[in-house]
Amino acid sequence: MSAAVITLPGNARELNAVREATCDMARRFGRDEQARQRAFFHALQLMRDGASSAWAIRAARQDLRPRTFSGFVPGGAA
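Counting in this note's numbering, the sequence shown runs from 200 upward without gaps.
Do not rely on the hints blindly, as some may be mistaken.
[Unchecked claim] Label-pair distances were calculated between CB atoms; the ranges are:
1) Ser201 / Arg264: 37 to 47 Å
2) Gly249 / Pro273: 32 to 42 Å
3) Trp254 / Arg226: 14 to 24 Å
Simulated from the structure, these hints should not be mistaken for laboratory data.
Glycine is no exception: its CB is placed at the ideal position from the N, C-alpha and C atoms.
Using the sequences plus the hints, can you model the full thing?
What follows is the structure, given as structure tokens:
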């Protein structure tokens, strides 16, 4: 039988804050569970690499934000 060791970045409060913020953003942007999980695991990886929880939440927000834009851009391309 083999075992896997998972190291969690930061303390439990930071990790829960990132998870909760990711859940709130996914709900606000109308994203599905898979998109939420991808954004959370991306944030988790950033925290493992040494990023702060605020930076990880910002990255998760960028991952969850809708990519479409159909508005007018003043002086934009034709």
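Here is how each hint holds up against the structure:
Restraint check, Ser201 to Arg264: a C-beta distance of roughly 39 Å satisfies the suggested window 37 to 47 Å. In this structure the supplied range 32 to 42 Å holds for Gly249 paired with Pro273, their Cβ-Cβ distance being about 39 Å. The given range of 14 to 24 Å is respected by Trp254 and Arg226, whose C-beta atoms sit roughly 22 Å from each other.
Comparing the model with each numbered hint stated earlier shows that all of them hold.
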